[in-house]
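**Student:** This is what each chain is made of:
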Amino acid sequence: SQKIEQNSEALNIQEGKTATLTCNYTNYSPAYLQWYRQDPGRGPVFLLLIRENEKEKRKERLKVTFDTTLKQSLFHITASQPADSATYLCALPDSGGYQKVTFGIGTKLQVIP
Amino acid sequence: EAGVTQSPTHLIKTRGQQATLRCSPISGHTSVYWYQQALGLGLQFLLWYDEGEERNRGNFPPRFSGRQFPNYSSELNVNALELEDSALYLCASSLRVVTEAFFGQGTRLTVV
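Chains H and Z are the protein sequences, given in the same order.
The opening residue of the first sequence carries number 52 in the working numbering; numbering runs sequentially from there.
The opening residue of the second sequence carries number 842 in the working numbering; numbering runs sequentially from there.
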């Protein structure tokens with residue numbers, strides 16, 4: 052099955068800077084990759100989906116890239132704000148089925164005022 | 842429009858008992874997914890239901906089971922509870938072709 056690697060160490064950045072989070076996968080290249088935000092004790096909230104034929108996707112201050120050669124996705128938050136502090140999860144479909152989605156453990160982002 | 846709703850919010854059971862968790866998807870969504878999130882761990886895929894049928898399941902023992910009703914709501918049953926079943930159980934729904942999944946707030950199950 053697909054193995055997803057996200058930096059489990061917390062990422063601390065200063066307000067106003069760009070946060071960059073990494074998601075690496077180890078097996079086959081998925082048809083799409085998703086990013087979610089999760090706040091403590093709450094369910095994840097969908098942010099962006101990028102398909103295998105797309106190199107980059109943007110939504111407001113968010114940008115996602117997808118490099119199938121490197122088997123990596125980068126998630127950027129520009130002009131970060133303290134309200135962006137949360138855990139960010141990447142998710143992709145497992146070989147067991149298009150809709151069986153595997154989630155990474157997530158990276159905790161802390162934006163310092 | 843109401844989002845995905847889960848009940849109960851919290852559930853405390855003793856080892857060996859059975860737990861039933863419920864989920865109502867967003868109106869129009871036919872697919873329901875269940876995930877387990879233990880403390881400090883990522884989301885582990887449990888089950889996927891669509892149109893009343895179990896379509897896929899994760900690497901969990903058979904004592905984790907569920908069903909989807911004609912109105913697309915779903916129920917997750919965990920039999921013979923063990924201490925390590927303590928976790929946040931999340932339900933999500935989507936349209937048949939996945940673009941995004943919408944999650945509920947979860948049920949916090951504690952087994953003592």
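It is worth saying that the hints were derived from the structure and are not from the lab.
By construction, the Cβ of each residue, glycine as well, lies at the ideal position given by its N, Cα and C atoms.
Be careful, since some hints might not be right.
With the C-beta cut set under 7 angstroms, the calculated list includes, among others, these residues of chain H facing chain Z [to be verified]:
(1) P91
(2) P95
(3) F97
(4) I101
(5) R102
**Student:** Run every hint past the structure and note whether it holds.
**Tutor:** Each hint, compared with the structure:
1. Nearest Cβ of chain Z to the Cβ of H:P91: about 10 angstroms, over the 7 angstroms cut. The hint is violated.
2. With its C-beta approaching chain Z no nearer than about 5 angstroms, H:P95 sits inside the 7 angstroms limit, and its interface hint holds.
3. Taking 7 angstroms as the C-beta cut-off, the interface hint given for H:F97 holds, the closest approach to chain Z being about 4 angstroms.
4. About 11 angstroms separates the beta-carbon of H:I101 from the nearest beta-carbon of chain Z, more than 7 angstroms, and the hint is not met.
5. Here the hint on H:R102 is broken, as its CB sits about 10 angstroms from the closest CB of chain Z, past 7 angstroms.
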